[in-house]
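Since the structure of chain A is already known, use the hints to place chain B on it.
Protein chains: 2
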Amino acid sequence: MNAEYNIIPGSVVAPLGFKANGVFCDIKRIGTGKGSEKGQKPDLALICSDEKCVTAGMFTTNQVCAAPVKLCIQRMKKGIARAIVANSGNANACTGEQGLKDAYEMADETARVLNIKDEEVLVASTGRIGVLMPMENIKSGIHLAAENLGSKAKDADKAAVSIMTSDTRSKQIAVEFNLSGKTVRIGGMCKGAGMIHPGMSPNGKRPTTISGLHATMLCFLTTDAKIDKKSLQEALQEAVAQSFNRITVDGDMSTNDTVLILANGRAGNTEVSSSKTGKAFKTFLEMLKVVCCELAKMIVRDGEGASRFVTIYLDGARNNIDADTAARAVANSVLVKTSWCGGDPNWGRIMDALGYSNAKIVEEKVDIGYSNSESPKILWAIKNGRPTEVSFADLCKIVGNKEFNVHINLNNGKGSTVIYSSDLTEEYVDFNKGNVSDPTLLGG
Amino acid sequence: MNAEYNIIPGSVVAPLGFKANGVFCDIKRIGTGKGSEKGQKPDLALICSDEKCVTAGMFTTNQVCAAPVKLCIQRMKKGIARAIVANSGNANACTGEQGLKDAYEMADETARVLNIKDEEVLVASTGRIGVLMPMENIKSGIHLAAENLGSKAKDADKAAVSIMTSDTRSKQIAVEFNLSGKTVRIGGMCKGAGMIHPGMSPNGKRPTTISGLHATMLCFLTTDAKIDKKSLQEALQEAVAQSFNRITVDGDMSTNDTVLILANGRAGNTEVSSSKTGKAFKTFLEMLKVVCCELAKMIVRDGEGASRFVTIYLDGARNNIDADTAARAVANSVLVKTSWCGGDPNWGRIMDALGYSNAKIVEEKVDIGYSNSESPKILWAIKNGRPTEVSFADLCKIVGNKEFNVHINLNNGKGSTVIYSSDLTEEYVDFNKGNVSDPTLLGG
Chain A
3 MNAEYNIIPG SVVAPLGFKA NGVFCDIKRI GTGKGSEKGQ KPDLALICSD
53 EKCVTAGMFT TNQVCAAPVK LCIQRMKKGI ARAIVANSGN ANACTGEQGL
103 KDAYEMADET ARVLNIKDEE VLVASTGRIG VLMPMENIKS GIHLAAENLG
153 SKAKDADKAA VSIMTSDTRS KQIAVEFNLS GKTVRIGGMC KGAGMIHPGM
203 SPNGKRPTTI SGLHATMLCF LTTDAKIDKK SLQEALQEAV AQSFNRITVD
253 GDMSTNDTVL ILANGRAGNT EVSSSKTGKA FKTFLEMLKV VCCELAKMIV
303 RDGEGASRFV TIYLDGARNN IDADTAARAV ANSVLVKTSW CGGDPNWGRI
353 MDALGYSNAK IVEEKVDIGY SNSESPKILW AIKNGRPTEV SFADLCKIVG
403 NKEFNVHINL NNGKGSTVIY SSDLTEEYVD FNKGNVSDPT LLGG
Chain B
3 MNAEYNIIPG SVVAPLGFKA NGVFCDIKRI GTGKGSEKGQ KPDLALICSD
53 EKCVTAGMFT TNQVCAAPVK LCIQRMKKGI ARAIVANSGN ANACTGEQGL
103 KDAYEMADET ARVLNIKDEE VLVASTGRIG VLMPMENIKS GIHLAAENLG
153 SKAKDADKAA VSIMTSDTRS KQIAVEFNLS GKTVRIGGMC KGAGMIHPGM
203 SPNGKRPTTI SGLHATMLCF LTTDAKIDKK SLQEALQEAV AQSFNRITVD
253 GDMSTNDTVL ILANGRAGNT EVSSSKTGKA FKTFLEMLKV VCCELAKMIV
303 RDGEGASRFV TIYLDGARNN IDADTAARAV ANSVLVKTSW CGGDPNWGRI
353 MDALGYSNAK IVEEKVDIGY SNSESPKILW AIKNGRPTEV SFADLCKIVG
403 NKEFNVHINL NNGKGSTVIY SSDLTEEYVD FNKGNVSDPT LLGG
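Sequences listed follow chains A and B, in order. My numbering numbers the first residue of the first sequence as 3 and each following residue consecutively. My numbering numbers the first residue of the second sequence as 3 and each following residue consecutively.
In isolation and in its complexed conformation, chain A is listed as follows (with noise of 0.2 Å):
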């Protein structure tokens, strides 16, 4: 099944009934003097609904979870939401009691403001772990955020940079199809470039069918589909597990892992119900999917110093987890991203890392290949765990490429998994490593 769609502007402004706004109210207190230099970039979002909306949401499994995942997670339980604010240069993590009241704060002000009910609010950050949140500022600037609410693309635009960290871009797409005769629109914005390796669920639990679990990534989604709660959450939960959760910078996962999604059911469609055979809930669940790929894809492109955006496409393994399993400890072995740096086809070090993973690899069944667009059909360097004829200069044009897919075959059952890596950089390094000249300036 492929729904049409088309890609419109807008990105959680396009659905019908949603205003936004970004602005700046110095989180990492430059005014004081003990922020850093990095400039008046805004720094407060909020997204808000004209009307009440159904909510669901996904959250990082991190057991040291942020404070405002804490307050999201106990507020999905009604599911009824009208707003988000979001703030970056602060996770509100490992801020202990105060950190929990201040998120709470940060949404009784948001609703204040808006004259809506507190628990209408959610609440996500974004930033340096363990600073206490300068709540004089957050006030001032969901005051500022709530007069310049607007529905116009650039209205959406202040909040998309206003949740940057060490993003270099915004991160936006929404998206507009039929279901059932009306015209639906979806949403969204991300933010994401280091601390990235999400797993998250619908209540921070583990669950056990997610193997390796490791951003700060935010991710808040807008629908003016009119859809049940339940069905929501199944949708969101689905489509997460095949795009943000499918997503590897650094392979350490972060304590704030947040996505967020909004349905206020302006559209006026018929009701979106999973438990209904109909196929509006699959096209729903298609464009979800889009959305939610599209924006995860954005986040390991501008990785951190990241040069190359890889593709693996594992087949054949034991089951699901295992190729989850797998395909990870490729993706996240250090060795095997530092050659894919320097664009090396190092296959030596991939079969070291399905080896060592805790996956069930037979050296003499792994097959692997690489293609990229311009080179569609798979060059398979390994058959049985063997180098084919294939020369290295040919693999090279291949992993020389900005984008390439690497395809495992481990031809040991039917388990598969797709996942999306960067490749890791000097750059990575020399920007994490930090200024300790300037405490500010380093990184959550």
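One thing to keep in mind: the hints can contain errors.
Intra- or inter-copy, both count: the list cannot distinguish identical chains.
As the list claims (entries may be wrong) - Only pairs whose alpha carbons sit at most 35 Å apart, straight line, appear in this in silico DSBU-like list of lysine-lysine:
no. : residue 1 : residue 2
1   : Lys80     : Lys367
2   : Lys54     : Lys72
3   : Lys362    : Lys416
4   : Lys362    : Lys207
5   : Lys416    : Lys207
6   : Lys103    : Lys416
7   : Lys291    : Lys362
8   : Lys80     : Lys156
9   : Lys367    : Lys399
10  : Lys362    : Lys231
11  : Lys379    : Lys154
12  : Lys299    : Lys362
13  : Lys362    : Lys43
What the hints contain is simulated information worked out from the structure, not anything from laboratory work.
Relative to chain A, chain B alone:
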């Protein structure tokens, strides 16, 4: 118990009755123009005993396991040996049936030249993966090394240099100590700088007691102690568990990790046995640990591009497996390792890594502190999950050193461990990103 010992010269030839040498036999085939221009560094080592030895070994648990490892595991069943032949420049991994034949042929040729039995020879290889061994070169090397065998320190030096790959220096030590009235010696040499995250077992199978498994590291140990085979294996297993299996440079476990020990009994002591309650076994084990720990630390200090040596002391885990899991998550976190590179005491990233590990962590219980040899008193940055009053500048002073300690207490149980790690630097990436214009320079 702290038995006294002296450090003596000669490494593997320090114990009575052992000879060694190392020669250049052009395993990378510089002579053919197909090899690299690293110069004529010796690349084949031979170590042998005048008399039969009992032997024990520990081997990589990587499922993709090199041919020489398979040979050694098979020969450990008998547990009798007299010689070790080892080479750098080619790992003889992912080389299929021919690779296995070549490994056995290396042993056979060594046996012929030394006029000993085939099955008394052990083999080890390190270098590029997936390339067949240049057997003519290897054979001429074996002949040349055998002609030059000697029992002087300079002979051991040559063997130690021969097994080096990306190592910047050879790694050797020997000790002598009193064992029930007799002077006994243990000597050893090792190599390893990248692909370092050993997780070895006696048979290449993964014990459930090692959680994270991931260099090529090779280590050859000799002793003139008289000890029975079973006790030698027990001692080696325990010594490796507390040394080589506790180090990590890059988190990538090699296909070739091997530790071998030969004990020829020439010291004339009463046979050491683990089954007797006497203190002889304890003393022997303690001395073997000293040798293995010193050699293991040399590997981490010489880690590819490494600028800092970090010891992680983790206490208070639910159990020892959790301790190992949590400490390895920290030691292998790309973000934690890059922060160390910059001298940044980024406890936020440590908390993050603890949180995504599979060990049980309660954020509100975690303590994180730093110390070094000049400031042995632990400065606690985090107590009960929250920052203390200790100043950032004071923490930076410790982490700015070439060597420092990280102390983590999970306050969650009685499990504990120690892990030796290095930082991740731009030099590491530069070294490993390879040079596709000269494939022979590409590491395995």
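**Study point:** Hint check, failures only
**Key:** Violated hints (numbers, rising): 11, 13; every other hint is consistent with the structure.
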